[in-house]
Every structure is written in C-alpha cells, then in structure tokens.
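Colleague: What follows is each chain in one-letter form.
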Amino acid sequence: MRRRLLACILMLAVLGIGPAAAAFTEPMAVIKAPIDEVIELLNDPQYKEAGTEQAQRNAIWQIVRPMFDFEEISRRAVARNWNRFTDAEKKAFVDVFAQFLGNTYIDKIQGEYHNEKIVYLGQEILQEVYAEVKTQIVRETVEIPVNYRMRKYEEGQWRVYDIIVEGVSLVKNYRTQFASILKKKRPSQLIDQLNEKLTEQNQRLVGSGQD
Amino acid sequence: MAEKWIPAGRPPRWCVMLRALTMLIVLLTGSVAFAGSLGEEASEPPAGDEPAMAEASDPFDPFDQGGEDVFEDEDEASQAVADPMEGFNRAMFTVNDKLYFWVLKPAASGYRFVVPTPVRSSVKNFFFNLLGPVRFVNCLFQGKWRAAEGEFCRFTVNTTVGMLGFFDPAKDNPKMNPHEEDFGQTLGYYAIGNGCYIVWPLFGPSTLRDTVGGVGDWALNPFSFMKLVNVDAGALTSDTTNVAMYCVRTVNDVSFRIGDYEALKNAALDPYEAFRNAYIQNRNSKIAQ
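Top line first, the protein sequences correspond to chains A and B.
Quick note, the first sequence lines up with residues 155 to 365 if you use the numbering used here.
Quick note, the second sequence lines up with residues 261 to 549 if you use the numbering used here.
Hints are computed from structural coordinates only; laboratory data are not their basis.
It should be emphasised that the depicted structure is a prediction, and the values quoted were computed from it without experimental measurement.
Just to be clear, a hint being listed does not mean it is correct.
Each pair of labels, with its calculated beta carbon distance range [claimed, not checked]: (1) 522/B with 275/A: 21 to 29 angstroms; (2) 348/B with 193/A: 24 to 32 angstroms; (3) 307/A with 406/B: 53 to 61 angstroms; (4) 429/B with 198/A: 30 to 38 angstroms; (5) 490/B with 358/A: 51 to 59 angstroms; (6) 522/B with 294/A: 32 to 40 angstroms; (7) 451/B with 191/A: 18 to 26 angstroms; (8) 354/B with 276/A: 37 to 45 angstroms; (9) 439/B with 339/A: 34 to 42 angstroms; (10) 498/B with 339/A: 17 to 25 angstroms; (11) 359/B with 294/A: 22 to 30 angstroms; (12) 498/B with 266/A: 34 to 42 angstroms; (13) 307/A with 347/B: 43 to 51 angstroms.
When the alpha-carbon atoms are kept at most 27 angstroms apart in a straight line, the in silico BS3-like pairs for lysine-lysine are as follows [said to hold, decoys possible]: (14) 525/B with 358/B; (15) 288/A with 525/B; (16) 431/B with 288/A; (17) 365/B with 262/A; (18) 244/A with 431/B; (19) 262/A with 435/B; (20) 358/B with 351/A; (21) 262/A with 487/B; (22) 358/B with 245/A; (23) 271/A with 435/B; (24) 351/A with 525/B; (25) 271/A with 546/B; (26) 288/A with 358/B; (27) 271/A with 431/B; (28) 338/A with 546/B; (29) 271/A with 358/B.
Calculated from the model, a selection of chain A residues having no Cβ within reach of chain B, i.e. all distances over 12 angstroms [claimed, not checked]: (30) 180; (31) 188; (32) 189; (33) 191; (34) 199; (35) 215; (36) 241; (37) 242; (38) 265; (39) 268; (40) 274.
Cβ atoms here follow ideal geometry from the backbone N, Cα and C, with glycine treated the same way.
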C-alpha cells in the first residue's frame, strides 16, 4: 500500500516536473537538431553547383557554431597554461581556435559526405550539468563512435565542450600539442602559429573552390 | 558500456588459472616485463567513478574515470608514453605518410572505384570473421566470458550461414557483437604499460606492448597458427598467400576510410604528436572496455 502511495507521489512529481523540464532542451536534441540541418544542407541541390562551396560552408558554420562552447574547449585544451594568457590573448585564442576547428571539420564533411547515417545511441547525465551523448557515424559498413560531452549553462542551454571520436578526445589531443608548444613558446606565439595554419587553410579552401 | 563491469566479477578457479597462464606468457616474453618497468604507471583507472567535487568553472570532466583535474599532472600521465626513439619514429612517420599518399591511397581509391561496395563489404566481413578466433582467445584471456561467447557464436553463425564469413548475418544481434579484443589489450588489461612508442614502417604506430601483442595475434591467426604447428595446407600456409592477404585486407580496409587520415593530419599543429596521442588514447579506451 505504502509502495503504491509512493508510486503515486512519484508519478505526480514526474508529471509536475515534466512540463517544466521540457522547457530546457535535452542534450541529445541539442546535438540532433543541428546535425539534421547540416545533413539537409549537404544534400541540398542548391549547393551542388560549382562556386557555392563558400556559401554552403558559411551556412553550415552558422548552424554548428552555437552547438559548441569554444571558450570552454579552448580553456580545456590549453589547460594549466591558460593562466599565462592575458585576457586579450584568451579572446584572440578562442577566436582563432574556433575558426580553425570549424574550417577543418566543415571541410572534411563537405568534401566527403557520402550519405553517412548518424545513429543516436543514448545519453548519460552526470551531476545534472554534464552530459555525454553517444552517437555513431555509419559509413557503408564502418561504424565510427562519436561522443559529445556537454555542459549545461545557467540559461538551461547545453553546449559541447569535447568530442570523443573512437575513444580519442579532441580536447586532450590538442592539449598535448599545445603543452609542448607552450613549453618553449609564449602564448602569443601559439596564437600566431594557429593564425598561420588558418591562413594556409583558407588559401587551400579557396584554391580548391576554384578548380 | 556494461561490458566494463564484467571483469570486476571474480569468477572461480579456472579464471585465476587463465590469469596465471597469461602472466606466465607475459613473463616468458621478457621484453614485456621490461616494458612494464619502463612505462609509466598502469593507466588503469580506479574502479569507482566518483567525480571529484570541483568548482563548476573548473575544466574537469566527470566522464573521465577518476575525475581528475586538468591542472594536475595525472591526466597527462595516463596519456603520456615514453618515446626514447623519437628521431627514428618521426622518420618512420614521414615514410609512412609518403607511403600513404603515394601508394596506399591511390591503390585504395582505385580499388574503391573498381570494386562495388557490397563486394568490399564482403571482403571486410571475410577477414573480420577469419580473425574471430584471435578475438575469442583474447576474450578468454581477459575472463570476458560473455564476450567470448558472443565471438564464438558469431564465428559459428557467420562461417556457416554467412558462407565462410563473406556475409554477416550476426550483425544485428548485439550479443554477438562484443568489443574487439586483441593481445595488446589483454596485456593492458593485466596492467602492463605501453613501454615505449614505436612507429613501424608499413605497420604504423604501436608501442612495445602492442608490438608484442601484435606478434601474439599473428601467431593466433588461423593461417600462421597452422604453419606454427606444422600443418601443411599447401598454398594456404605459404608466405606469399599471407603477404597477399595482408595487402588485400589493408587496401580493402583503407578503401572505407579514405580521407580520415588526411583530416586528422590537417587538424594537427604537430601531426606526429597528434597521432601519437590519438593512438594512446584510442588504445586506452579499448583496454577500458
């Protein structure tokens, strides 16, 4: 009897909280909506014509950018060296790193999208503000596990702070690279180096767009 | 995910015996013991994952077991690998890079263009099935009974119904699709460290531990096993067949992944370091599964 009462209370609690919780978007939905949009863009015949690559890239960037918390990504990737950055350097770094990551990965999906399917396997929430959304990219018969780690912000918005592809954390991969660069160089030099990479990348993208 | 907790159970005597056996093998291959002492502390994470109570603003990641703070050294320690041969390794990295762009990529692209996807999938399935016994044995070595059972069932089903493994009728049964185990992972499971990082020409990134593991797996693969125990299966056990099969498998596998190497390389500031770290992270995550 007592158990049933408890169940009723629980039900009420769930029902009562339900609508309120729905106002905040579930982590998986935060991933799925933009990815669906991007796939739609990649299949859009409007962008199949020559000379539309740049426009498509910009459109994808507009959709994808809000998904990520680039400040958090930068802070985690630079880790303990972050304290050595001045405020201006922090800002410059976040800017260039975000563009660099955006370019690299949009270039990859734009150049090589072959009807890969995304399977959403599930999500795990820890301490209410951390979530991991597990997905799989299915390409022909190859399955590539991709997990998105997210944090919830005060406004109730979930944003990605790390991507784990086949067990490899993007943030940690950059962390080792940045750490060894910052062992010998100043933060401003790392920013310069990223800027150089970015320019190089842009030139290559423009070059490939022309032929 | 649930897999992770299976080895925690301590089933009876013969599990212990198997472990003892594995340890014996490990001890016999003296180099591994050396690897263990050379390598950093065992990267095996603590069993419980109680996230450290960090400030919300700290870059700490509760999904990493042990929940360490990035401002401490622990995190880097688990991913760090000794690299005393960095000069040689970097040279080999360049050699492999050239081999990829000059030989492997053109071969795989051409192959992909000529051979239709269903055929490539079947070839992939065939080789995957052929190596089923290797994975099965490594599941046993690690006491992962349920995974071993899955491997065994898949091998049986795919070899028969799946016509020698060219088809994969077991695909949609999650029980028959456990995590893939290899001997390097088995050694890692028993807390053997990486030793040092080695980039082999042709074979790519590895570590001392995983190289020993690779040799073990090679010995377990059906054809080399037949050869080792002196079964003469004619052409099947010849060196030419072995090499040819390795080449076909590699080209076929790469044909599904053209562009992935380039992407990771372009995304890196120091590709050598990026691949080294990615290799270690990937292996750590597989050992943890």
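Colleague: If a hint holds in the structure, say so; if it doesn't, say that too.
Modeller: Against the structure, the hints come out as follows:
At about 27 angstroms, the CB distance of residue 522/B to residue 275/A agrees with the hint of 21 to 29 angstroms. As the Cβ distance of residue 348/B to residue 193/A is approximately 43 angstroms, the hint placing it in 24 to 32 angstroms is violated. For residue 307/A and residue 406/B, the Cβ-Cβ distance of about 40 angstroms falls outside the hinted range of 53 to 61 angstroms, so the restraint is violated. Restraint check, residue 429/B to residue 198/A: a C-beta distance of roughly 37 angstroms satisfies the suggested window 30 to 38 angstroms.
At about 55 angstroms, the beta-carbon gap between residue 490/B and residue 358/A stays in the expected band of 51 to 59 angstroms. Checked against the hint of 32 to 40 angstroms, the pair residue 522/B and residue 294/A fails, with Cβ atoms roughly 18 angstroms apart. Taking the beta carbon of each, residue 451/B and residue 191/A are about 45 angstroms apart, not inside 18 to 26 angstroms as hinted. At about 41 angstroms, the CB distance of residue 354/B to residue 276/A agrees with the hint of 37 to 45 angstroms.
Our hint of 34 to 42 angstroms for residue 439/B and residue 339/A holds, since their Cβ atoms are close to 40 angstroms apart. At about 54 angstroms, the CB distance of residue 498/B to residue 339/A disagrees with the hint of 17 to 25 angstroms. Separated by about 24 angstroms at the C-beta atoms, residue 359/B and residue 294/A satisfy the suggested range of 22 to 30 angstroms. A hinted range of 34 to 42 angstroms holds for the C-beta pair residue 498/B and residue 266/A, which are about 38 angstroms apart.
With their beta carbons about 46 angstroms apart, residue 307/A and residue 347/B fall inside the hinted range of 43 to 51 angstroms. Only pairs whose Cα atoms come within 27 angstroms are accepted, and residue 525/B paired with residue 358/B is accepted, the gap being roughly 13 angstroms. Between the alpha carbons of residue 288/A and residue 525/B the distance comes to roughly 24 angstroms, so the proposed pair stays at or under 27 angstroms and holds. Proximity of residue 431/B to residue 288/A is assessed by CA-CA distance (about 20 angstroms); at most 27 angstroms being required, the pair is judged to hold.
A distance of roughly 16 angstroms separates the Cα atoms of residue 365/B and residue 262/A; the hinted pair therefore holds under the 27 angstroms criterion. A C-alpha spacing of about 48 angstroms is found between residue 244/A and residue 431/B, which places the hinted pair above 27 angstroms, so the restraint is violated. Annotation: proposed proximity of residue 262/A to residue 435/B is violated, straight-line Cα distance about 34 angstroms (limit 27 angstroms). About 21 angstroms separates the Cα atoms of residue 358/B and residue 351/A, which keeps this hinted pair within 27 angstroms; it holds.
Straight-line distance between C-alpha atoms of residue 262/A and residue 487/B comes to about 44 angstroms, which puts the hinted pair past the 27 angstroms bound. For a cut-off of 27 angstroms, the pair hint linking residue 358/B to residue 245/A is broken: about 37 angstroms separates their Cα positions. This hinted pair checks out: residue 271/A and residue 435/B have alpha carbons roughly 22 angstroms apart, not beyond 27 angstroms. For the given pair, residue 351/A sits about 12 angstroms from residue 525/B by alpha-carbon distance, which is consistent with the 27 angstroms threshold.
Restraint check for residue 271/A and residue 546/B: satisfied, since their Cα atoms lie roughly 24 angstroms apart, inside the 27 angstroms limit. As the CA atoms of residue 288/A and residue 358/B are separated by approximately 35 angstroms, the hinted pair breaks the 27 angstroms bound. Pair hint residue 271/A plus residue 431/B holds up; C-alpha atoms about 17 angstroms apart against a cutoff of 27 angstroms. Annotation: proposed proximity of residue 338/A to residue 546/B is violated, straight-line Cα distance about 33 angstroms (limit 27 angstroms).
Under the criterion of a C-alpha separation no larger than 27 angstroms, the hint pairing residue 271/A with residue 358/B is inconsistent with the structure, at around 31 angstroms. Every CB of chain B is more than 12 angstroms from the CB of residue 180/A (nearest about 17 angstroms), matching its label as outside the interface. Look at residue 188/A: its CB is around 20 angstroms from the nearest CB on chain B, clear of 12 angstroms, so calling it non-interface holds up. Chain B leaves residue 189/A outside its interface by the beta-carbon criterion, the shortest separation being 17 angstroms against a cut-off of 12 angstroms.
For residue 191/A, the non-interface assignment is confirmed: its Cβ lies about 21 angstroms from the closest Cβ of chain B, beyond the 12 angstroms cut-off. The beta carbon of residue 199/A is kept farther than 12 angstroms from every beta carbon of chain B, the shortest such distance being approximately 23 angstroms. Taking the minimum C-beta to C-beta distance to chain B, about 16 angstroms, the non-interface status of residue 215/A holds against the 12 angstroms cut. Here residue 241/A stays apart from chain B, with its beta-carbon at least about 16 angstroms from theirs, past the 12 angstroms limit.
The Cβ of residue 242/A sits about 20 angstroms from the closest Cβ of chain B, beyond the 12 angstroms cut-off, so the non-interface label holds. Listed as outside the interface, residue 265/A is inconsistent with that label: its C-beta sits roughly 7 angstroms from the nearest C-beta of chain B, within the 12 angstroms cut-off. Not every beta carbon of chain B lies more than 12 angstroms from that of residue 268/A, the smallest distance being close to 10 angstroms; the non-interface claim is violated. For residue 274/A, the non-interface assignment is confirmed: its Cβ lies about 15 angstroms from the closest Cβ of chain B, beyond the 12 angstroms cut-off.
When held up to the earlier numbered hints, the structure conflicts with 2, 3, 6, 7, 10, 18, 19, 21, 22, 26, 28, 29, 38 and 39 and fits the remainder.
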